[in-house]
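Chemist: Chains as they are written, first to last, in the working numbering: chain A, 1 to 291; chain B, 1 to 159; chain C, 1 to 794.
Derived by calculation from the structure, the hints in this document are not laboratory data.
Computed from a predicted model, the values in this text were never measured in an experiment.
There are no misleading hints in this set.
Keeping only pairs whose Cα atoms sit at most 16 Å apart, straight-line, the calculated EDC-like set for lysine to aspartate or glutamate is: (1) C/K23 to B/E92; (2) C/K434 to C/D399; (3) C/K159 to C/D104; (4) C/K498 to C/E513; (5) C/K23 to B/E88; (6) C/K357 to C/D320.
With beta-carbon atoms standing in for the labels, derived distance ranges: (7) B/A153 to C/M405: 45 to 55 Å; (8) C/E443 to B/D114: 38 to 48 Å; (9) B/R14 to A/A5: 18 to 28 Å; (10) C/K80 to B/E115: 57 to 67 Å.
Every residue, glycine too, gets a C-beta built ideally from N, C-alpha and C.
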Amino acid sequence: MQTPAPCGYERATSVDGALAALAAHGPTARLIAGGHSLLPMMKLRLATPEHLVDINDLDELAYIERDGDVIRIGAMTRHVELQRSALLAEHFALFADAEAVIADPVVRNRGTIGGSLCQADPGEDLSAVCAAIKADVVIRGPAGERVVSMDEFHVGPYVTAVADGEILTEIRVPIRPGAGSAHEKVERRAGDFAIAAASAAVWVGGGTFADVGLALAAAGPITVDVTRVGELLRGQPPGEELFEAAGAIAAEDCMPMADTRGPVDYKRHLVGVLTKRALRRATARALQQEA
Amino acid sequence: MQVTITINGEEVTRDVEPRMLLVHFIRETPGLTGTHWGCDTSNCGACIVRLDGQAVKSCTVLAAMADGHEVTTVEGLERDGRLDPVQEGFHEKHALHCGFCTPGMMMASRALLDENPDPTDEEIRTAISGGICRCTGYQNIVAAVRWAAEREAEVKQEA
Amino acid sequence: MATTVEQPASPERPIGFGRLRRKEDARFIRGQGTYLDDIRLPGMLHGAILRSPFAHAKINSIDTSKALELDGVAAVVTAKDLETLGLAWMPTISYDTQAVLAGDKVRFQGQEVAFVIATDEYVARDALPLIEVDYEPLPVVVDARKALDPDAPLIRDDKPGQVDNLATPTWEAGDEEAADRAFAEADVVVTRDIMYPRCHPAPMETCGMIADFDPKTGQLDIYNGNQAPHVHRTVYAHVAGLPEHMIRIMCNDIGGGFGNKVPVYPGYVCTIAASIVAGAPVKWIEDRSEHLTSTGFARDYNMHASICAKDGRITGLEVDVIADHGAWDSTAQPTKFPAGFFHICSGSYTLDASHVKVKAVYTNKAAGGVAYRCSFRITEAVYMVERMVDALATEMGVDPIELRMRSFIAPEQFPYETTTGWTYDSGNYAETMKVAMEIADYEELRREQAAKKERGELMGIGVAFFTEGVGAGPRKHMDILGMSMNDGADLRVHPSGKAVVSISCQTQGQGHETTFAQIVAEELGIPPEDIEVRHGDTDKSPYGLGTYGSRSTPVSGAAVSLVSRKVRDKARLIAATMLETRPEDLAWEKGRWFVKGDPEQGATIEDIALRAYSGEELPAGMEGGLDAQIVYDPPNLTYPYGAYICVVDIDPETAQVKVRRFIAVDDCGVRINPMIVDGQIHGGLAEGIGIALMELISFDSEGNCLNSSFMDYLIPTAMECPEFELGMTVTPCPHHPLGAKGVGESPNVGSPPAIVNAVIDALRQGYPEVDHIDMPCTPDRVWAAMQGRAEPPQ
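Throw the hints in and build the complete structure from the sequences for me.
Modeler: Laid out in structure tokens, this is it:
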């Protein structure tokens, strides 16, 4: 079978230790968490880090907890925990939607939210999920901690705001009233990356949308945050025509590329359908009317 | 680097290159070749073992990452000469043809039943969806896992 | 709800037959199988292959010096080294030639360029990027339909006299004039371009070999999971000039084959050469990408077909095929059939005439054309005719089952000679179709579909009926590389009455160790657990052509049945001496000869075996022992058939196809182990779902393979497969000693047309202008069909 190229290895026992290891080895060092993106790339020799810093022992980064009006998710939280979290199910049901269709249960036992976000594969679901719910991420480096929005987090394909020598430590999601969310994905086969996927979050108050987040996976070179959908929906009462219009906007604003999963026109079409479905379901959840 | 992994209850120590994959460690050092590999991209599930109880794909874990941890492989299913009900179920229900995916399928199934002793067919299908079987069409694998669940329920009732 | 129709209880349940659980399971469920990579020999070196990144390029130079400097690298073999051994080129199984390692140029992406031998696999792979190859890219042709264009680059300039990319000239079957007449007289004619795209058998264990050459004795031991060990040995003897009796091939356990492990691959020859050069055992196992990009693909048939009807019945068929063979012609089929058994394409119907033309071309793609779980191109044939019959039914406004029923060969017409020269042995097609309709509740399905259409839902019901010809084959017609397609069998009953049967065919999961024991048990009354089946080791088994084309039960199964009867006949003579009577006064019941009219007087096979080896009297002139040998030459193929019905739902918005139900009623004659037969059908149906919905090997215009890992070569998981609903009818094969026909491949043959017919039927509920869609029916391609833009895959 394919084998990785030679590399060094050490296991970090604390975030500070991991930072120190990264500092010691410079830009050719890579963190390894679940390993399900990095190791296949290393086997293909598309990634050839000279030194791996294993952060799987950092239990301090594995948590999903409520802190006042914020849900804090540690970067080392595994997919399976996101899928099963009662706290997330109560406030952000789209995590369970997405996790049910990310890879397969065995991969989900191992892969982490931090790894998924930092891999920044444009087809990856959790980046869209976090963008839709307007999460912030916490990045720690030698100079201390900084908090960036998902908007700022995605810099380019496979490139994030996490610089060499830094670690993504936490995802923070504000809890606001009237929330509902959903993730919709079409894949070629169970376990595959999306042909296209849409994450929607809505906050309903007084019969109208107080706020809306809509982000897309596999619909552009990076996760696509469709801000125009929020602009359209805010202040409006929920309705099927509005969802259709939002779908049309998303189909227009996305920037999909043709690949083995399909041509551009099909992906745009899918984005429209999935946007509509995700908004519809998110709204039903917000209104507690889900069928 | 030196790595010590407890495999099926036995400590195994070996000097390895950091890049060595866990699947190779398991197959080479104690020579437990029941854990197979079938792809390079974590898709096929032939290499599924349990790492600290959780089903994982051992082609996508470095041996170094498993240092100090516990691994159970297909060879660890049979205890004191008694087959695991999952093994019996695979035999009873003709859930294997060529046998190549079988260890991975059985390890994923065992992990499922430990968490969910009475799974629906849909839950069984989901649990084994990280593995590819080219021979059986999965139908008899589902039946085998159901058989094992029923067998375990009977045994529990008798006890 | 799933309904499985059980085999009707027979009045007497023979000992050898039935749902016996498998003997081979014991090792597999304990993780104690012995697959190739499980074998480690002392002092073994490891090989790895450098492959071409280009689909077509001249090789100006290869520099191996840096790779040789790497610690642990023992040697790097290139075409130049092989030339000195006379091994740079080798024959394919279709009398073409192929490069073992590329010397002059590379002809497809993934072609073998250099072979590294090192102390371990990691090091061998480390050395690959250190080999410097100077390539000069050449124009590429990947579309078979453009391979014969005047401006297409010439791929096989190595072949003297080759001026274009024609791989095999046009091969014909049937009667063109008669077919033209049928079309001229027809009421309805339908024409379609149908592509059966390139796919890959992709068994879970990839290909590989361990070669262990002993320079002192000249003995070459080969460990290699392949489907035809005896033929492989003959090929190695021929290619490498080694004495055949000094070559031993051991297959051990094989992680699936599905036709992919029939050919001899360049990596095998490299491994043998490396062991001879290094004087040590060498192991080489390809990774999954190598497997998908370089080993035997399947299908890749472009079919232009016309079908016609007169007076409401199918009357004629004409097909013109361009086959894509890739860079070499290494298709797998008997010598006299360059298009395999494609000309069985008249299907299960009484046509007045048919005509088939097939020509094959070279392209800058990997070679193959193996029979992915089918008998030599019958999958392509059945897919085409069953699509065409459906298209014809649509054009005629007739229910697709009704048109089939009107045109079926009737039971009293068997043996039936088809318009392309096949003699079908037996069948009752309409009966089998009716069983499928009952399980499906066909009428109710059509009502449900109509109701759903009203609501804008896209539900489809697809039907396919196939006849396969399996069990190649009669020596007067069929050989591979000159070797007749006959199988040996060797049965030894020991003094204790326990037996060893050695067979030439090699299981890759089909359960030979159980089924063949059951056959001996049936014939001799020895319990199956007392019968050891030996196979897969050329030193321990008689010559035969191997397991593919569903030939194990039809050919080796018949051989085992008949060799058992030979033993039984000898046992009769011994029993007569033991019982002091004449052989003709004895009658047989399972496991025992007894005196007619005095059933208490008898001798069991156990008693007889002991007597055969004892010092006691035997019939005059008889040799001791209770053994027999046979080589079986089948008089004809066997012709299993089946009726399949598939129900799909298509999401009208996303175009995703879901197979909701699949009903498969197979008639494979007498079933030796119905549990194993059902298991084979399940597996083939899953592969059919894969082919119809997702499995595809495609290329971009530069010849880059776009499906070179399991990330992109999609195989169904448990989530895409429904609970299959099986039924059966039993029409015994008249010329097989047990009445059995082959079955392993039927489901792969019959399911793709049923699924695609269902997809089209579903699409037509909302898009009546859709008249065809090529596989795979992925969401994007189904959506394109909805937009009126259905196109064949690239």
